[in-house]
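*Asks:* Here's the letter readout for the chains.
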Amino acid sequence: MKSRFFAPLLLFAAVIMLTAASVEAAYPEKPVTMIIAFTAGGSSDVQARIMEKYWNKYVPQQKWVFVYKPGAGGAIGFGEIAMAKKDGYTIGGINIPHLIIQAATQKAQFKMDDFDYICQVVNDPQCVVVRKDNKLKSAKEIFEYAAANPGKLKVGLVGPNSGHHLMYLDVKKKYGFPVTEIFYKGAADQNAALLGGEIDVMLGNLNDVMRSLEEMRVLAIAAEKRNDFLPDVPTLREQGYDVLSDIRRAFVAPKGIPSADLAFLRETFKKICLDPEYQKDMKTAGQPGEYLEGPALFEHMRSLEADIREAFAKK
Amino acid sequence: MSEFILPALANLCNPLNILLMLGGLAGGIIIGALPGLTATMGVALMVPVTFVMDTTSGLVMLGAIYVGAIYGGSNSACLICTPGTPSSVATTFDGWPMCQAGKADKALITSLLSSSFGGIVGTFALLFLAAPLARFALKFGGPENFWLCLFGLSTIAVMSSGNMFKGLVSGGIGMLVATIGLDPHMAVPRFTFGYYPLVQGVEVIPAMIGLFSISQVLYLVGSYKPFLARYNPTPGVFGIVARELLGKCKTVLLRSSFIGTLVGMLPGAGGEIASIIAYNESKRWDKQPERYGTGVVEGVASSESANNAVIGGSLIPMLTLGIPGSAVAAVILGALLAKGIQPGFKVFTVSGELAYTFILSQFAVNLLMIPVGLLLVRLLVRLLSVRLTHVAISIVLLSVIGSYAIRNSMLDVWIALLFGVFGWFCNRVKLDTGAMALGIILGPMIEENFGKCVSLAKAPGSSIPQVFLDSPIALVLICLTLLSLGTPFLMRLRRQRPVTETAPSAQSTPAAGVDWLKDILAGFFTLLISAVFFTQVFELEDVGRNYALLLLAFIILMGLYLCVQGLLGKRLWGGGASSGNGDEPVVMRRVAVIIAASAAYAGFIPILGFYPASAFFLCLSAIVLNDSEGSPYFAACLLTLVMCLAVWLVFTMLLGVPTPESMLFQ
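So the protein lines, in turn, are chains A and B. Counting in the working numbering, the first sequence runs from 659 upward without gaps. Counting in the working numbering, the second sequence runs from 228 upward without gaps.
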């Protein structure tokens with residue numbers, strides 16, 4: 659009796675599980691294109707390549723095909739992702755706040771709403787950095803020196819219209835900070851200028867600063883808490899300055915891909931980000947990893963957007 | 228240091244590492260020789276491969292690719308007058324004339340040996356002088372880099388000494404075109420003419436592929452020649468070249484390698500500037516500078532030794548400070564960081580074995596390059612026995628995939644084609660495409676550093692003149708620039724003294740007499756370009772606008788001057804003179820056909836897919852442009868098959884470069 663009742667049930671359950679399995683196997687059934695908006699070999703690429711290693715571990719049947727679309731500070735590549743086919747087979751990496759700033763100020767061909775956010779993988783906080791032999795030993799001393807000697811301090815930024823620039827405008831709004839600002843094309847030029855003495859202070863990403871720690875001193879980090887890479891460096895908040903600034907890397911798909919595919923991507927990326935081996939690789943590569951779910955990331959971006967519009971409208 | 232040398236040597240003798248060096252070199256040379264595939268791309272494409280390798284082996288391989296690719300660029304520079312990498316522009320000046328004179332083997336072996344020599348000098352600097360040189364490189368800030376770029380630009384005056392105004396206006400046009408894209412000071416779109424994708428700007432490589440490769444194709448197709456060049460192999464050429472280089476060229480080699488190392492370690496400047504500066508210095512100090520450009524060994528030697536010396540130089544600040552001296556060094560830095568290697572002066576102690584294995588591998592690679600290169604030279608000279616039409620059509624194919632691969636952008640393909648027609652026209656009217664390329668390379672750097680200086684001058688107690696002049700390095704560079712600008716006049720003085728009695732007529736009169744039409748056309752072309760840019764200049768603000776306005780004013784003045792010179796020339800020499808101007812005749816019909824075919828090709832790629840479109844293009848153009856007596860069909864099919872297969876093997880299978888997407892096929 660019992661078996662007659664259970665047999666169809668078991669069969670039913672088996673069918674369900676098989677379909678579920680086959681649905682999972684259905685996506686991805688061909689290689690996934692990964693658009694990187696910066697040059698091959700750059701920091702974004704290195705991070706995505708580490709992701710790829712673990713994607714192959716969890717989704718061994720399908721590979722990623724990397725396509726580099728550099729130009730205009732990432733805007734070209736971000737636009738490509740936004741305009742890609744919404745079949746779940748094109749995804750890409752984005753940088754925040756670059757993407758928000760470009761959408762708000764540069765007539766870019768995309769909006770924040772043009773993407774489905776998979777997840778955030780890197781949170782690279784901004785640091786206040788001087789050369790080792792500088793007599794200013796803390797962020798407080800820098801702010802005080804700047805106030806006492808308007809324009810004297812030369813501050814290097816990567817930009818314009820970058821995360822560095824945004825932080826600089828934020829600091830200026832809150833604390834005055836009368837200094838001379840100089841923009842550099844990239845972190846390498848900026849580091850060279852600091853070491854060569856052309857600038858006195860620079861605002862730089864942790865990931866970029868880590869390359870020349872022998873010659874530089876990091877005075878403060880613009881994050882909520884101290885960073886594992888530099889546990890001795892206090893946050894700006896600890897020193898009494900309420901400034902938070904970072905550059906985040908995330909993966910996105912064009913808005914409107916099948917919801918099952920998006921769910922699969924979100925779940926797989928989460929597995930990768932929580933994999934201890936992956937976290938170890940990220941640490942070795944000097945990438946400050948921080949996982950954040952897609953919807954939460956989008957909320958964070960929404961909260962930044964108003965500030966960004968205000969900061970760059972005033973300029 | 229000494230405690231690391233022996234383990235490092237042992238590492239080098241590891242068979243895997245030797246294999247990687249040989250493979251990296253051969254791969255690098257091929258990547259470098261293909262127009263459009265640059266050293267940066269070759270190295271970047273191989274970085275993911277190093278992730279699964281031992282750090283030392285990965286680094287050794289990347290270094291070998293770097294060296295091979297920079298040398299490889301000279302092969303196409305000599306054989307088809309197309310620099311394979313931007314660093315080989317100056318190699319075309321003498322390499323191509325040598326090849327035309329039937330001495331292709333001599334040109335290729337000169338560039339091989341000079342590259343190896345330059346590479347070794349650069350590596351010596353890396354091994355023994357890394358720390359002091361890195362400290363020196365840091366002294367180059369905004370003002371110093373600004374003057375260095377101007378010095379680089381001033382070499383146009385020497386380069387085109389017979390035709391200084393056209394050289395200068397060409398450089399100006401290059402700088403103007405390079406302003407398309409995002410304004411570096413405001414980050415707003417500039418000169419996009421309402422077409423948003425242009426915001427990515429005119430990248431150096433597609434523009435150079437156009438100015439050199441495509442324009443060369445148009446020239447070749449339009450000429451009556453059946454083959455690229457006659458080729459008379461010289462017996463014992465290796466020994467002859469080696470003796471010549473170590474004999475009369477040793478000063479040239481040493482000076483050029485020194486310049487290469489020095490320029491290489493500056494973060495802003497790379498091989499493309501080093502080779503041009505070295506070429507010009509060789510020309511300037513030569514007893515008979517006018518020989519340069521006619522195919523002299525010294526010309527090839529200076530350019531090639533300088534660009535390979537750049538490698539060692541660019542690795543100095545990369546290893547010691549974490550600041551890459553070139554785009555390729557930046558990619559290698561990325562690979563190092565991914566492996567958790569921290570650059571810094573400590574790298575020589577903390578990761579000593581790795582660092583010294585890498586440095587010693589650079590010596591080994593530069594030595595191994597001689598046999599590997601010799602083998603490939605044997606193969607490459609065969610190119611001279613392929614029918615010219617087929618070579619030309621194949622160059623179009625390589626240019627298209629090469630310019631696409633830089634940023635995976637079809638827009639770059641169109642830019643390359645447009646610049647090709649530009650470049651061909653410029654060559655016809657004697658505008659200087661080399662100077663234009665220099666303008667495109669240096670323009671953005673000049674603007675960027677100029678902007679930095681203006682920002683620096685805003686600090687209290689600073690002023691613009693103080694920022695620009697207050698540094699000994701800047702003053703030295705200013706003196707060099709002035710010297711460089713004065714050189715054409717000095718050369719004219721020097722030439723006049725001994726030559727006056729022999730042949731005063733051969734120099735200037737006939738050349739000037741028949742160029743009136745070209746002058747008018749060049750002037751008109753210049754004014755046309757300025758007019759196009761002028762329509763947009765007032766939408767800009769601040770430094771971005773003033774810089775563009777300054778350039779426009781200069782170009783318009785020069786354009787007017789050329790027009791007036793042409794009109795005066797017409798009155799003086801009369802209208803009929805232009806017939807006997809010694810130019811090679813051109814088959815306009817064939818040029819028009821190849822332009823139309825290339826444009827149709829690019830247009831059909833997004834519809835048909837890359838390989839089908841390429842096959843159609845190769846086959847049809849080979850049939851239409853056939854100039855041999857026999858039936859063209861078999862040769863056309865063979866060419867199609869061979870080229871498609873070769874491109875598929877190298878690009879898709881080996882390098883994994885994506886081909887353009889299409890509607891019909893993937």
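Bear in mind the hints are in silico, worked out from the structure with no lab data behind them. Be a bit skeptical, because a hint or two may be false.
Claimed, not checked - Think about it this way: if two alpha-carbon atoms lie no more than 16 Å apart in a straight line, the pair counts; the simulated EDC-like pairs of lysine to aspartate or glutamate are: (1) A:K938 to A:E951; (2) A:K743 to B:E766; (3) A:K830 to A:D965; (4) A:K843 to B:E675; (5) B:K566 to A:E873; (6) A:K795 to A:E896; (7) A:K938 to A:E687; (8) B:K573 to A:E710; (9) B:K573 to A:E873; (10) B:K366 to A:E873; (11) A:K941 to A:E873; (12) A:K765 to B:D769; (13) A:K928 to A:D965; (14) A:K721 to A:D771.
*Asks:* It remains to establish, for every hint, whether it holds in the given structure.
*Replies:* The hints, checked one at a time:
{"no.": "1", "hint": "A:K938 to A:E951", "result": "violated (20 Å)"}
{"no.": "2", "hint": "A:K743 to B:E766", "result": "violated (35 Å)"}
{"no.": "3", "hint": "A:K830 to A:D965", "result": "holds (13 Å)"}
{"no.": "4", "hint": "A:K843 to B:E675", "result": "holds (8 Å)"}
{"no.": "5", "hint": "B:K566 to A:E873", "result": "violated (21 Å)"}
{"no.": "6", "hint": "A:K795 to A:E896", "result": "holds (15 Å)"}
{"no.": "7", "hint": "A:K938 to A:E687", "result": "violated (30 Å)"}
{"no.": "8", "hint": "B:K573 to A:E710", "result": "violated (31 Å)"}
{"no.": "9", "hint": "B:K573 to A:E873", "result": "holds (11 Å)"}
{"no.": "10", "hint": "B:K366 to A:E873", "result": "holds (15 Å)"}
{"no.": "11", "hint": "A:K941 to A:E873", "result": "violated (21 Å)"}
{"no.": "12", "hint": "A:K765 to B:D769", "result": "violated (19 Å)"}
{"no.": "13", "hint": "A:K928 to A:D965", "result": "violated (29 Å)"}
{"no.": "14", "hint": "A:K721 to A:D771", "result": "violated (28 Å)"}
The structure fails hints 1, 2, 5, 7, 8, 11, 12, 13, 14 (numbered hints given earlier, in ascending order).
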